[in-house]
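Please work from the sequences and hints to get the whole structure.
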Amino acid sequence: MKRLLPLVLCCYAFPMFAQQPKHYAPPSPALSVAAKAYILIDFQSGQTLLGQNIHERIEPASLTKLMTAHVVFSAIKQKRITLTQTVPVSERAWRTQGSRMFIEPNRPVTVDELIRGMIIQSGNDACIALAEAIAGSEEVFAQMMNKEAKRMGMENTHFANSTGLPHPEHFTTVHDLALLAAAMIRDFPEYYPLYSLREYTYNKITQPNRNRLLWLDPNVDGLKSGHTQTAGYCLITSAKRNERRLISVVMGTASDNMRTMESQRLLNHGFQFYDTVRLYRKEQEVTTMQLWKGAQNTLRTGFSQDLYFSLPKGQSDKLKATMEYQRPLVAPVSAGQKVGTVKFSLDGEPMAEYPLVALETVGIANIFGRTWDSIQLLLN
1 MKRLLPLVLC CYAFPMFAQQ PKHYAPPSPA LSVAAKAYIL IDFQSGQTLL GQNIHERIEP
61 ASLTKLMTAH VVFSAIKQKR ITLTQTVPVS ERAWRTQGSR MFIEPNRPVT VDELIRGMII
121 QSGNDACIAL AEAIAGSEEV FAQMMNKEAK RMGMENTHFA NSTGLPHPEH FTTVHDLALL
181 AAAMIRDFPE YYPLYSLREY TYNKITQPNR NRLLWLDPNV DGLKSGHTQT AGYCLITSAK
241 RNERRLISVV MGTASDNMRT MESQRLLNHG FQFYDTVRLY RKEQEVTTMQ LWKGAQNTLR
301 TGFSQDLYFS LPKGQSDKLK ATMEYQRPLV APVSAGQKVG TVKFSLDGEP MAEYPLVALE
361 TVGIANIFGR TWDSIQLLLN
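Mapping the sequence shown onto our numbering, position 368 (from 1) lands on 368, and the numbers just tick up by one.
Hint data in this document are derived by calculation from the structure and do not stem from the laboratory. Glycine is no exception: its CB is placed at the ideal position from the N, C-alpha and C atoms. Take these hints with a grain of salt, some might be off.
[Unchecked claim] With a straight-line Cα cutoff of 20 Å, these simulated PhoX-like cross-link-like pairs (lysine-lysine) come out:
#1 Lys147 <-> Lys204
#2 Lys313 <-> Lys240
#3 Lys343 <-> Lys282
#4 Lys282 <-> Lys338
#5 Lys320 <-> Lys343
#6 Lys343 <-> Lys318
[To be verified] Label pairs and their in silico Cβ distance ranges:
#7 Ile81 <-> Pro332: 43 to 53 Å
#8 Glu91 <-> Glu349: 56 to 66 Å
#9 Asn219 <-> Gln315: 35 to 45 Å
Have a look at this one:
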C-alpha cells in the first residue's frame, strides 16, 4: 500500500548531521510475553513494534552464530574462502563443548558443509573450524565479529567467541540482535534460505533444526535458536506474509516450548494489529525547493531510500509530516546531499525523522546570476 503525505514546510537554520533516520516506537496494543527480554520489529520500516528490556545486557548463546555466519558470508563475497574449499579440523574445534556437527581431524570437510552444520545443526565445532580458516584463530575472528557489530550499529554488543559459549565479555541486547537478523536477511539473500532447512546430515548423523516454528508456521523461514543454562531458551524468528516481514527476538524463556509459543504470539500480534505502508519511493520527488546562485532556481528533493512506516491498523490517517530545511539554500548542490529533515508524527506523537536529500546536482550560476541573487538575498 502506498500513501503520499502533504508536507508542512518550516524554515529553520540547523547544523547538518549524519543521514541516519531516527525511529520512535508507535503506540501498541498490550501484550504480555513470558521472556526476560523481547523485541518485535518490522523489516521494511525498521521500526520497533513491541519490546521489553530491549537494551538490557543479555547472553546471546547460539544466537551468536548469526554474526559468525555474517562474517563467513562476507569472507566468501570477498573471495577469501570458497564454498568448495576444504578446511582442516583442529584439535580445538574437534574437542569443543556443546552442540556439534561431529567433524573429525582426519575427515575432509568443506566450507559449505561447515556452514550448514553451523546454521542447521548449531555446531560449535563448525564455527571454530570456520573461524580458524578465515582468521587463523577464533580470537582474531571474534575481533572481526566486533568490528562488524560496530559497523551495524550494535552499540551494546561484544563477542568473545564464535560459538556463543558463556564468557563474561560475551553479551548483547535483543535490540542489537534484531539489527543483526535484519542485516543477515538484507545483505545475503542468496544464503538466507539455509535458515529454513529443517535438518542436515553429516558424518551419517542427521540433526534437526531446533527452530520448531519452521514446522508449525508456513510463514516462518528463519532464523536461529539458542540455549545455555544461564541464558535460558532463546529464539530469533522471521516470518513473511505477503509483502510484510517481521522479526522477533525472544530471550530467557523457561523452555523450548515456551520460546516457540511466545515467538509465535509476537509474530501473530504484529501481523494482526499493524500495517506497513510505503509513503515514498526511493528518489521520488517530494517537494521542490528554492535555490540561490545556482544554474537553475529550483531543486528537486526526496529520500535516498524507500520510506516505509509501520502503524497500528486504522491509524494511518493520523500520520503527519513536517519538513525543516536550511535557508537560504545556496548552490552548488550535489545529488544525495542533505538539504533538510522530514519529521513524522502520529496523532501528535513523534514517530521518525528522515533526511531530505537533493535528487539532482546543480552547479553555480554565471557571474551575473550570482550577483543578482546576492542582491536579492541582501534585500530579503
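Item to check | Cβ distance range 56 to 66 Å for Glu91 and Glu349, holds or violated | outcome: 58 Å, holds
Checklist entry - Could one say that the CB atoms of Ile81 and Pro332 fall in the range 43 to 53 Å? => result About 45 Å separates the Cβ atoms of Ile81 and Pro332, which means 43 to 53 Å holds.
Checklist entry - Do the alpha carbons of Lys147 and Lys204 lie within 20 Å of each other, as the hint requires? => result 37 Å, violated
Next on the checklist: Lys313 and Lys240 were given as a pair; does the straight-line alpha-carbon distance stay at or below 20 Å?
Outcome noted: 18 Å, holds
Checklist entry - Is the Cα-Cα distance between Lys320 and Lys343 20 Å or less? => result 8 Å, holds
Next on the checklist: Check the hint pairing Lys282 with Lys338 against an upper bound of 20 Å on the C-alpha distance.
Outcome noted: 14 Å, holds
Next on the checklist: With the threshold set at 20 Å, check whether the alpha-carbon distance from Lys343 to Lys282 stays at or below it.
Outcome noted: 17 Å, holds
Item to check | Satisfaction of hint between Lys318 and Lys343, Cα-Cα up to 20 Å | outcome: Within the cut-off at roughly 14 Å; holds.
Next on the checklist: The hint says 35 to 45 Å between Asn219 and Gln315; measuring C-beta to C-beta, is that right?
Outcome noted: 24 Å, violated
Violated hints, listed in ascending order, are 1, 9; each of the other numbered hints is respected by the structure.
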